[in-house]
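Novice: Based on the provided sequences and hints, a complete structural model is requested.
Keeping their order, the protein sequence lines are chains A and B.
Numbering follows the numbering used here, with no gaps: position 62 of the first sequence is 63.
Numbering follows the numbering used here, with no gaps: position 150 of the second sequence is 480.
These are calculated hints, taken from the structure and not from any lab test.
Glycine included, each C-beta is placed from N, C-alpha and C at the ideal position.
Take the hints with a grain of salt, since some may be wrong.
[To be verified] FRET-style restraints, in silico, Cβ to Cβ:
hint, chain 1, residue 1, chain 2, residue 2, range
1, A, PRO25, B, LEU487, 14 to 24 Å
2, A, LYS72, B, ASN336, 21 to 31 Å
3, B, LEU374, A, ILE71, 44 to 54 Å
[Unchecked claim] Below, simulated BS3-like cross-link-like pairs (lysine-lysine); rule was C-alpha separation at most 30 Å, straight line:
hint, chain 1, residue 1, chain 2, residue 2
4, B, LYS514, A, LYS73
5, B, LYS394, A, LYS73
6, A, LYS102, A, LYS78
7, A, LYS72, B, LYS394
8, A, LYS73, A, LYS102
9, A, LYS102, B, LYS394
10, B, LYS514, B, LYS339
11, B, LYS514, B, LYS343
12, B, LYS342, A, LYS92
13, A, LYS88, A, LYS102
14, B, LYS514, A, LYS102
15, B, LYS404, A, LYS99
16, A, LYS102, B, LYS404
17, B, LYS514, A, LYS110
18, A, LYS88, B, LYS514
19, B, LYS394, A, LYS99
20, A, LYS110, A, LYS62
21, B, LYS339, A, LYS78
22, A, LYS73, A, LYS62
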Amino acid sequence: MVSKDKDKDGLHQINDIDRIIHEPARLMILAYLYVVESADFLFLMRQTGLTRGNLSSHLSKLETAEYIQIKKEFVDKIPRTLLRLSKMGRKAFQEYRKNMKDLLDELPK
Amino acid sequence: MLSTINLDKIEKKTFRGFSLDGLEYIYVGLVLTLTGLFIYEHRLIWGLALIPLFYWLMGYLRVKYTYPRIGYAKLPPKTKEKLQPAVIGTLIAIIILLILGTKWMAAYFPIYLGCFFAAISAVHARIHGDRLWYIFAGIFFVSGFITMALSSENPNLNAAVQLWCLAPLLIITGLVRFIRFLRKYSIQSGGELNGVEG
Numbered sequence: 002m003v004s005k006d007k008d009k010d011g012l013h014q015i016n017d018i019d020r021i022i023h024e025p026a027r028l029m030i031l032a033y034l035y036v037v038e039s040a041d042f043l044f045l046m047r048q049t050g051l052t053r054g055n056l057s058s059h060l061s062k063l064e065t066a067e068y069i070q071i072k073k074e075f076v077d078k079i080p081r082t083l084l085r086l087s088k089m090g091r092k093a094f095q096e097y098r099k100n101m102k103d104l105l106d107e108l109p110k
Numbered sequence: 331m332l333s334t335i336n337l338d339k340i341e342k343k344t345f346r347g348f349s350l351d352g353l354e355y356i357y358v359g360l361v362l363t364l365t366g367l368f369i370y371e372h373r374l375i376w377g378l379a380l381i382p383l384f385y386w387l388m389g390y391l392r393v394k395y396t397y398p399r400i401g402y403a404k405l406p407p408k409t410k411e412k413l414q415p416a417v418i419g420t421l422i423a424i425i426i427l428l429i430l431g432t433k434w435m436a437a438y439f440p441i442y443l444g445c446f447f448a449a450i451s452a453v454h455a456r457i458h459g460d461r462l463w464y465i466f467a468g469i470f471f472v473s474g475f476i477t478m479a480l481s482s483e484n485p486n487l488n489a490a491v492q493l494w495c496l497a498p499l500l501i502i503t504g505l506v507r508f509i510r511f512l513r514k515y516s517i518q519s520g521g522e523l524n525g526v527e528g
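Specialist: In structure tokens form, the structure reads like this:
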């Protein structure tokens, strides 16, 4: 049983990792959305190598967490799903990166 | 999993993906052709007006052929800031040219032109991660010296010939890439473009 009066330092920080982001597929999705202003579904599918169903499932989870915004539009009568990081998602990703970096620095060499 | 993510690499990979279609090589080749025409015969300045038209055409071809195959992503404003050094460099190059004057230009213009395009290519390669532009930077750089060695007495003709020799290299490279791109990536069906349900 972990002592509750311990300061949250060292490896205990692992408990605070954002589990929405800390899944490899979702981490990849957010990383690609972080470097672009917006992207469509096909772009993410090509870049991440995920299957359509798999990508769709992860995007739904990210949308539920309000980390991404999904907009459906028509381009030349073809439906297109356009995705972008929300402000909350961008901030969460930045915090995740910082926390992971701090955590890795804490690990014994 | 427990590793930092290199966003620079991801960004470069993202934009390298769009250069796979070869269209920007074709565009630059056409720009060099028109620039050569203008340098050779200043009365053909109207040709430079085709440059924005070609840029629009590249965009149209991307919408028609590229995005249905590999998807679409919008460049963020932050990345556009990285192009500022290239724009500033271009302005400096023009100012240097004006200061040095036409006499120097007549003697060394091909070298100057070669260095200028080499610098632009190298910057482009650095930002977008497309290493082929480094090779073209080397070709541009060398072209200036080769042109000087083979030159005629007409400096405008020298520079124009230099550009007209470089343009087909770029256009052919672009066409080969475009054909390979069309063969490698098939158009995704409508269902693939509209992924998220609910």
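Novice: Need the status of pair A:LYS102, B:LYS404: alpha-carbon distance at most 30 Å?
Specialist: This hinted pair holds, its Cα atoms lying about 28 Å apart.
Novice: Quickly compare the C-alpha distance for A:LYS88 and B:LYS514 to 30 Å and report which way the hint goes.
Specialist: With Cα atoms ~36 Å apart, A:LYS88 and B:LYS514 exceed 30 Å; violated.
Novice: Quick one, are A:LYS73 and A:LYS62 close enough, alpha carbons at most 30 Å?
Specialist: 17 Å, holds
Novice: With the threshold set at 30 Å, check whether the alpha-carbon distance from B:LYS514 to A:LYS110 stays at or below it.
Specialist: Roughly 45 Å separates the two Cα atoms, so the pair is violated.
Novice: With the threshold set at 30 Å, check whether the alpha-carbon distance from B:LYS394 to A:LYS73 stays at or below it.
Specialist: 19 Å, holds
Novice: Holds or violated: A:LYS110 with A:LYS62, Cα cutoff 30 Å?
Specialist: 35 Å, violated
Novice: Given the hint that B:LYS514 pairs with A:LYS73, test it: the Cα-Cα distance must not exceed 30 Å.
Specialist: 27 Å, holds
Novice: If you check the beta carbons of A:PRO25 and B:LEU487, does the distance land in 14 to 24 Å?
Specialist: For B:LEU487 against A:PRO25, whose Cβ atoms are near 59 Å apart, the range 14 to 24 Å is violated.
Novice: Does B:LYS514 pair with B:LYS343 here, judged by a C-alpha cut-off of 30 Å?
Specialist: 17 Å, holds
Novice: Check whether the Cα positions of A:LYS72 and B:LYS394 lie no farther apart than 30 Å.
Specialist: 21 Å, holds
Novice: Against the range 44 to 54 Å, how does the distance between the Cβ atoms of B:LEU374 and A:ILE71 compare: consistent or not?
Specialist: At roughly 49 Å between Cβ atoms, A:ILE71 and B:LEU374 fall inside 44 to 54 Å, so the hint holds.
Novice: Hey, A:LYS73 versus A:LYS102, does the alpha-carbon distance stay inside 30 Å?
Specialist: Given pair A:LYS73, A:LYS102 is violated - Cα atoms ~35 Å apart, limit 30 Å.
Violated hints, in rising order: 1, 6, 8, 9, 14, 17, 18, 19, 20 and 21; the structure is consistent with all others.
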